[in-house]
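Visitor: Each chain, letter by letter, is given below.
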Amino acid sequence: MSDTPVGRDESGRFVKADQDTRPPDIEHDYHPLALRLFGWTRSSRVLVILTGLTLVLLVAVIGLSAGPRQVSDDLRDMTGFYAALGGLSVFFFLVAGFILRALLGRNPDYYGEAETQPDDVEARL
Amino acid sequence: MMSAVSAINPGLILIVLGIVTCFIPVKRVRACLTVGAPLLGLAILMMADRGVALATIPLLNTELTLYYVDSLNFIFGVGFLLTAFLYGTYSLHSHDKAHEGAALIFAGSAIAAVFSGDLMTLFIFWEIGTASAAFLIFKAGTKAAYQAGMRFIGFHVLSGVLFLDGLIYIQKKSDGFSFAEAGLIESFSHPAAAYLFGALAIKAAFPLVHTWLKDVTPKTTTLGGILLPLLTTILAVYALARLFPGFSALIWIGALMAAYSVVFAAVVDDARRILAYGQNALCGLMVCAVGIGTPLAINAAAGLAFMSLIVVGLLSMSIGAVLYSTGTAKLTELGGLWRTMPFTALFAIAGAVGLSGVPLFIGAVSIPMAMSAIAQSMGLIITCAALIGIAGLIYALCLRLPVGLMFGHDSRKRPREAPFNMLLAMGLSALISVLLALPNVIPGFGYDWLYNLLPCTARVSPASCEVTGVPLIGYEPYTLMNVINVLQLILGVLLVSLVLRGFAFRKKRTARIILDTDWFYRKWGYAFAVWTGAVWRKTGPALSAFSNRLSGRIFFRLEETFSPRGALAKVDFNGGAAIWSAVLLGFVMMVVLLSRS
Numbered sequence: 004m005s006d007t008p009v010g011r012d013e014s015g016r017f018v019k020a021d022q023d024t025r026p027p028d029i030e031h032d033y034h035p036l037a038l039r040l041f042g043w044t045r046s047s048r049v050l051v052i053l054t055g056l057t058l059v060l061l062v063a064v065i066g067l068s069a070g071p072r073q074v075s076d077d078l079r080d081m082t083g084f085y086a087a088l089g090g091l092s093v094f095f096f097l098v099a100g101f102i103l104r105a106l107l108g109r110n111p112d113y114y115g116e117a118e119t120q121p122d123d124v125e126a127r128l
Numbered sequence: 240m241m242s243a244v245s246a247i248n249p250g251l252i253l254i255v256l257g258i259v260t261c262f263i264p265v266k267r268v269r270a271c272l273t274v275g276a277p278l279l280g281l282a283i284l285m286m287a288d289r290g291v292a293l294a295t296i297p298l299l300n301t302e303l304t305l306y307y308v309d310s311l312n313f314i315f316g317v318g319f320l321l322t323a324f325l326y327g328t329y330s331l332h333s334h335d336k337a338h339e340g341a342a343l344i345f346a347g348s349a350i351a352a353v354f355s356g357d358l359m360t361l362f363i364f365w366e367i368g369t370a371s372a373a374f375l376i377f378k379a380g381t382k383a384a385y386q387a388g389m390r391f392i393g394f395h396v397l398s399g400v401l402f403l404d405g406l407i408y409i410q411k412k413s414d415g416f417s418f419a420e421a422g423l424i425e426s427f428s429h430p431a432a433a434y435l436f437g438a439l440a441i442k443a444a445f446p447l448v449h450t451w452l453k454d455v456t457p458k459t460t461t462l463g464g465i466l467l468p469l470l471t472t473i474l475a476v477y478a479l480a481r482l483f484p485g486f487s488a489l490i491w492i493g494a495l496m497a498a499y500s501v502v503f504a505a506v507v508d509d510a511r512r513i514l515a516y517g518q519n520a521l522c523g524l525m526v527c528a529v530g531i532g533t534p535l536a537i538n539a540a541a542g543l544a545f546m547s548l549i550v551v552g553l554l555s556m557s558i559g560a561v562l563y564s565t566g567t568a569k570l571t572e573l574g575g576l577w578r579t580m581p582f583t584a585l586f587a588i589a590g591a592v593g594l595s596g597v598p599l600f601i602g603a604v605s606i607p608m609a610m611s612a613i614a615q616s617m618g619l620i621i622t623c624a625a626l627i628g629i630a631g632l633i634y635a636l637c638l639r640l641p642v643g644l645m646f647g648h649d650s651r652k653r654p655r656e657a658p659f660n661m662l663l664a665m666g667l668s669a670l671i672s673v674l675l676a677l678p679n680v681i682p683g684f685g686y687d688w689l690y691n692l693l694p695c696t697a698r699v700s701p702a703s704c705e706v707t708g709v710p711l712i713g714y715e716p717y718t719l720m721n722v723i724n725v726l727q728l729i730l731g732v733l734l735v736s737l738v739l740r741g742f743a744f745r746k747k748r749t750a751r752i753i754l755d756t757d758w759f760y761r762k763w764g765y766a767f768a769v770w771t772g773a774v775w776r777k778t779g780p781a782l783s784a785f786s787n788r789l790s791g792r793i794f795f796r797l798e799e800t801f802s803p804r805g806a807l808a809k810v811d812f813n814g815g816a817a818i819w820s821a822v823l824l825g826f827v828m829m830v831v832l833l834s835r836s
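These protein sequences, in sequence, are chains P and E. Sequential numbering of the first sequence, starting at 4, is according to the working numbering. Sequential numbering of the second sequence, starting at 240, is according to the working numbering.
Treat the hints loosely; a few may be bogus.
Claimed, not checked - So these bits of chain P aren't anywhere near chain E, every CB distance computed over 12 Å:
1. Asp12
2. Ser14
3. Gly15
4. Arg16
5. Phe17
6. Arg104
Said to hold, decoys possible - Derived Cβ-Cβ restraints for the label pairs, each shown as a range:
7. E:Met720 <-> P:Leu38: 33 to 43 Å
8. P:Asp112 <-> E:Met389: 11 to 21 Å
9. E:Val827 <-> P:Leu107: 54 to 64 Å
10. E:Gly779 <-> P:Leu107: 49 to 59 Å
11. E:Met389 <-> P:Arg48: 43 to 53 Å
12. E:Ser413 <-> P:Leu67: 50 to 60 Å
In short, the hints are calculated from the structure, not lab data. Here the structure is a predicted model, which is why all the values come from computation and not from measurement. Ideal Cβ placement from N, Cα and C applies to all residues, glycine included.
Isolated chain P (complex conformation) (with noise of 0.2 Å):
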């Protein structure tokens, strides 16, 4: 790992951010149907408009599963309990992420072989 801080060379200066060298977003490359099926997740506010939406579907879904049932010791039958497991293994799973990225994150040529790209595939044939 090195230890020059983000934005500045070896010496502790500033640099200018590497220019993007990516070509311009042209919509004229799109397919043409691209855009009427998923235009809409250009928006900024998607993020916001799909965590809002699923949300009330998750609220109104534990409310149809909270409806009359029998007394239970078991953990399972808890009103939500599969809906809290979810969210509980996705949060799990990013901190594990982020504690096995640190702790087993190697290069890709760890082991010599970061060149995967098969003989199959269209700009080889």
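For chain P, the structure is supplied; the task is to place chain E on it using the hints.
Guide: Frame of chain P; chain E shown alone:
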């Protein structure tokens, strides 16, 4: 004539046509064979009688059953044939006849193994499958593929040797190789059980021996990456359901497999590796269900296997299409591909939705069955481990994969849409995924059709499960509680990942690999081998000279004593030699007598 045709193992047809395909230069003929062979196999399978040995051949003192159909292998066989057909359609653009032939042979060997009526036939077809799978890996043409292929061969040769050892014990016990004789194994105290279990553990990618799966899947060819992980692991699950239903060790192993693999699926960078870990987790759920062993659990295992062949196949096809068009499957290099690949994006979403368990997709008729089977028979820990596995599948395969490939960060890659045949295969998979989940408004259609294929279905006579022998109870997937439980799980996963991914974990990541247990043999094992080699190079000549001198001296002493010119021959009383010979002979006889007793 028809009865003769119906007695041919469908897998054999694929193997023979696969060999033929390798030598046909005309592409259209090859295309007809790769698509037509699985359809022909399906037609033959539909004509087969169940529960009888349809084709046998004598071998030494025993008889091998080449073709046997019952309710357990029927659903796996139909699934494999459908997968082979979809794969055939998907690979129509290919110009590599050796690859097409090898893929057909591989699929054929898996199908033939499923319909084997005894363990020796299963073993033979399994090994044919291993050889053709290795060929598919080597065909990728990279150094990484070569090394992964060699490791794959190492794992599967070890598995084959263990399987053969188990067969020898079974043959010793019962003079045959049939599944009925293998059924005599009731616990791991029998050596045959231990050997067969060890062999299947490698094939099914149990924890610690799972690394071959995540190793070869990202390194094989674009097309091979679809068939190889699916057929290899699901064939092993079938064999476990055949040989070890109700073995309680499988419950814990399966739950561990599911929970362990999804953690890696949630963090690795390569889409094909994510899929390999996801497939491993799904196999864990199937193994857990096989271990539970109730009729519902066996049905759940078979249902999950069928679902996996269709929807995991669909997801791997969409990853294959991206890899084909862009040359990479790394999430850090991809994103925003919906702009030029909208159909592939649509089918990737269909695969993700199908796997997650959303109603009206195939996951909705398989996943609740597995959840019910586990919840009914097991305690909280196993249920939670299985649910974590399902939640991980939803997160890694249904959210992370399609979003990482098709949406999210715009990589500014603008590849062409996948070829028409690839889109057709993906479309057919998505269609099957929907058709098999429709409510059974018309009897025999929708999920009713799939449930009729299940091994322990009440609709098949006799009314008790052929695998477990326990009376059957019908299962209804679209009850309010089933739908609500699955939806809760999906929405819980979706909500937390939207909140955390969207607001807290937004940082763009660099490409990294995550070390797994293969590190031990790829680093330490390799270092030990290098060290041993270096030590031998330095000390080898000296050790060789020492052993040569020692053996020469022993030989010289023996010759000096016992040869015609030796010391014993020179004494006046030659009877000494006779006495010594008698003593030695007596000693040898005593040793033989004692060792035999």
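Visitor: Now tell me, hint by hint, if it's right for this structure.
Guide: Evaluation of the provided hints:
1. No Cβ of chain E approaches the Cβ of P:Asp12 within 12 Å, the least distance being about 19 Å, so the stated non-interface status holds.
2. P:Ser14, annotated as away from the interface, keeps every beta carbon of chain E farther than 12 Å; the closest lies near 24 Å.
3. No Cβ of chain E comes within 12 Å of the Cβ of P:Gly15; the nearest lies about 23 Å off, and the non-interface call holds.
4. Residue placement check: P:Arg16 keeps its beta carbon more than 12 Å from all beta carbons of chain E (closest about 23 Å).
5. Distance check on P:Phe17: its Cβ is at least 21 Å (rounded) from any Cβ of chain E, clearing the 12 Å threshold; non-interface status holds.
6. Distance check for P:Arg104 against chain E: the nearest CB is about 6 Å away, which does not clear 12 Å, and the non-interface claim fails.
7. Between E:Met720 and P:Leu38 the CB atoms are about 41 Å apart, so this pair conforms to the stated range of 33 to 43 Å.
8. Range check, P:Asp112 to E:Met389: Cβ separation about 19 Å, and the 11 to 21 Å hint holds.
9. Separation of E:Val827 from P:Leu107 is about 58 Å and conforms to the stated range, judged on CB atoms against 54 to 64 Å.
10. Between E:Gly779 and P:Leu107 the C-beta distance comes to about 37 Å, which lies outside the given range of 49 to 59 Å.
11. At roughly 52 Å, the beta-carbon separation of E:Met389 and P:Arg48 lies within the given 43 to 53 Å, and the hint holds.
12. A hinted range of 50 to 60 Å for the beta carbons of E:Ser413 and P:Leu67 is consistent with their spacing of about 55 Å.
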